[in-house]
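Undergrad: The lines below spell out each chain.
Number of protein chains: 2
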Amino acid sequence: KPGEMDLSYRSTISIYKSILEQFNPALENLVYLGNNYLRAFHALSKAAEVYFKAIEKIGERALQSSTSHVLGEILMQMSDTQRLLSSDLQVVAQTFHVDLLQHMEKNSKMDVQFISVSKQYELEYRRKANNLEKCTAELWRMERARDKNVREMKENVMRLRSEMQAFLSNSQREAELEEKRRYRFLAEKHQMLYNTLLQFYSRARGMIQTKAPQWKEQLEASRNPSNSHVQGLLASSHGQGYPSGRLTPTHLETVRSTWAAFTVVVAKAALGLGGLTCGPQNPGPTACRGMGFPTCGWEPWWQLNSSHAGGLFWGGC
Amino acid sequence: KPGEMDLSYRSTISIYKSILEQFNPALENLVYLGNNYLRAFHALSKAAEVYFKAIEKIGERALQSSTSHVLGEILMQMSDTQRLLSSDLQVVAQTFHVDLLQHMEKNSKMDVQFISVSKQYELEYRRKANNLEKCTAELWRMERARDKNVREMKENVMRLRSEMQAFLSNSQREAELEEKRRYRFLAEKHQMLYNTLLQFYSRARGMIQTKAPQWKEQLEASRNPSNSHVQGLLASSHGQGYPSGRLTPTHLETVRSTWAAFTVVVAKAALGLGGLTCGPQNPGPTACRGMGFPTCGWEPWWQLNSSHAGGLFWGGC
Chain A
1 KPGEMDLSYR
11 STISIYKSIL
21 EQFNPALENL
31 VYLGNNYLRA
41 FHALSKAAEV
51 YFKAIEKIGE
61 RALQSSTSHV
71 LGEILMQMSD
81 TQRLLSSDLQ
91 VVAQTFHVDL
101 LQHMEKNSKM
111 DVQFISVSKQ
121 YELEYRRKAN
131 NLEKCTAELW
141 RMERARDKNV
151 REMKENVMRL
161 RSEMQAFLSN
171 SQREAELEEK
181 RRYRFLAEKH
191 QMLYNTLLQF
201 YSRARGMIQT
211 KAPQWKEQLE
221 ASRNPSNSHV
231 QGLLASSHGQ
241 GYPSGRLTPT
251 HLETVRSTWA
261 AFTVVVAKAA
271 LGLGGLTCGP
281 QNPGPTACRG
291 MGFPTCGWEP
301 WWQLNSSHAG
311 GLFWGGC
Chain B
1 KPGEMDLSYR
11 STISIYKSIL
21 EQFNPALENL
31 VYLGNNYLRA
41 FHALSKAAEV
51 YFKAIEKIGE
61 RALQSSTSHV
71 LGEILMQMSD
81 TQRLLSSDLQ
91 VVAQTFHVDL
101 LQHMEKNSKM
111 DVQFISVSKQ
121 YELEYRRKAN
131 NLEKCTAELW
141 RMERARDKNV
151 REMKENVMRL
161 RSEMQAFLSN
171 SQREAELEEK
181 RRYRFLAEKH
191 QMLYNTLLQF
201 YSRARGMIQT
211 KAPQWKEQLE
221 ASRNPSNSHV
231 QGLLASSHGQ
241 GYPSGRLTPT
251 HLETVRSTWA
261 AFTVVVAKAA
271 LGLGGLTCGP
281 QNPGPTACRG
291 MGFPTCGWEP
301 WWQLNSSHAG
311 GLFWGGC
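As they're listed, the protein sequences go chains A and B. Heads up, the first sequence is in the UniProt record's numbering, so the first residue is 1 and it goes up one at a time. Heads up, the second sequence is in the UniProt record's numbering, so the first residue is 1 and it goes up one at a time.
Hints in this document: simulated from the structure, not taken from any laboratory. Errors might be hidden in some of the hints.
Per label pair, the in silico range of CB-to-CB distance [said to hold, decoys possible]:
(1) B:Glu217 <-> A:Gln218: 42 to 52 Å
(2) A:Gln90 <-> B:Asn35: 15 to 25 Å
(3) B:His42 <-> A:Met110: 27 to 37 Å
(4) A:Pro25 <-> B:Arg83: 47 to 57 Å
(5) A:Ser162 <-> B:Gln209: 43 to 53 Å
(6) B:His42 <-> A:Arg223: 53 to 63 Å
(7) B:Tyr32 <-> A:Glu220: 25 to 35 Å
(8) A:Gln209 <-> B:Lys119: 42 to 52 Å
(9) A:Asn130 <-> B:Ser87: 22 to 32 Å
(10) B:Pro25 <-> A:Met110: 51 to 61 Å
To give an idea of the interface, some chain A residues facing chain B are shown, with a C-beta separation under 8 Å as derived from the structure [stated by the list, open to error]:
(11) Gln22
(12) Ala62
(13) Gln191
(14) Leu197
(15) Tyr201
C-beta: ideal position from N, C-alpha, C; glycine also.
Next comes chain A alone, as it looks inside the complex (with noise of 0.2 Å):
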């Protein structure tokens, strides 16, 4: 089966050729690609740092006042549990880094001297394929003159052709076996990749699904004035004889009705007292308000202002 033995022996060369020409190139690349990859990585992580570390700062200052604490120590907390993130995801660029690139690049170096088996194939087989073609030639030649010993002869070509065979299918069968060794380095690093994201992604998640729930509860009782600080300072004041009803718009009212570009209802709070040389207490328009404390549902006083009427700019009372 010469035929079979040529298409075997030229499958093993393209394996090698293969792995020399196309696979080693392209880990090379992959390798580049890889430290690129890690460097985009590590400047990420440098950005959302900055970044998390001016949310801190924010949550610093906010921690100081006494109506804002409690949305300091989330904003805090936020930027902290950034960072244990950040940490964790520089466990899988560690596993990246030392456990795929540095193996990769360290096998694509070794596997250079990959190209002396290759040849050392083509040797072997043109020694085999000359032996048996000196063989076959010389079994010819006794057949044709009768040689007692082609009996003989004809045992050692068929003995070399099989071990031929054999050389040749136990050849290309390495030759593939060294080729999917390759792959699937290849595969098992990347596997090994992607499980070390899993357990990152497990982890933030259950950090996250243990904090979020928590700044949600915060958040929305920091929505709920009746729960804040500002609101047992205020109730002490009344406590302390302050009149309970509004007697005067705050300067922030005055504000929103300056600008309010619709029509409001307008009543003129002159005081009214005469004889007195006293000034009046309000010179302007004022918008008619209730007289009990609105504890929630404050709108901003950009919202009459804004073209976002109705949706809201930093939201909430």
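Given chain A, work out where chain B should sit, using these hints.
TA: Relative to the frame of chain A, chain B by itself:
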């Protein structure tokens, strides 16, 4: 309570100052840092895309090999999974961009107008304070002149004073509220970001959890040649009368034994066919090996040669 009034006034003014001079510039800075963050994120996405595109190409090549076909499929799936994760992560980036950064930027720009609120408060405070002072002086004058309107003026001053107190405490409360709104805005926006991240982590985790066991199984199966295509081919070859014993060492083994630094049991496998001119089959020293096919547990060639004896280079059989 002039001291208390003064305290309230100063506190209100300092909150406005803090919003305008600290919070707002900090928010602007955060938008700037966030845009850097986003740029770094997109650079990372791009790097990841290029990296996994290269993996995909290697996978495509493996697909063309009959023996490494499954590994090619795994590599392609790994690349696909990364693409899905990446497009999922784009949703997080989009949230960050549209719902956080753009909103933060808009608010920080609109909030520049907030200075008028602060100025309005100062004007209003001065007007009220002047009025109160004027009336108090008038009352004092009236009392000295035993004016008949003194009782009316006393009531007027009392009313102005309590109005002033209400104005101050309401204004302080509103200033605190404005401050709180801003901190809460920031906290709520980042809570939203964390929720989006949580969704991403959950999906990513689910995605890898679905794929990983499958990959692991396929990779393990690919380690066992009895399941592989090659083994099937070899078996059928044997069925067609190929020698089932290993008659000749493959070239890889020749390389191995030639390079081996340690002593190996060596046998000269000369053909020893007296009277024949055909050369010996094995010119060099060859390691003795069992005649049976080693179906698994083959060590790669470099293991004898590399400094990593015992460790795996490409690994596996």
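Undergrad: Starting from the hint list further up, note which numbers the structure goes against and sort them upward.
TA: 4, 6, 9
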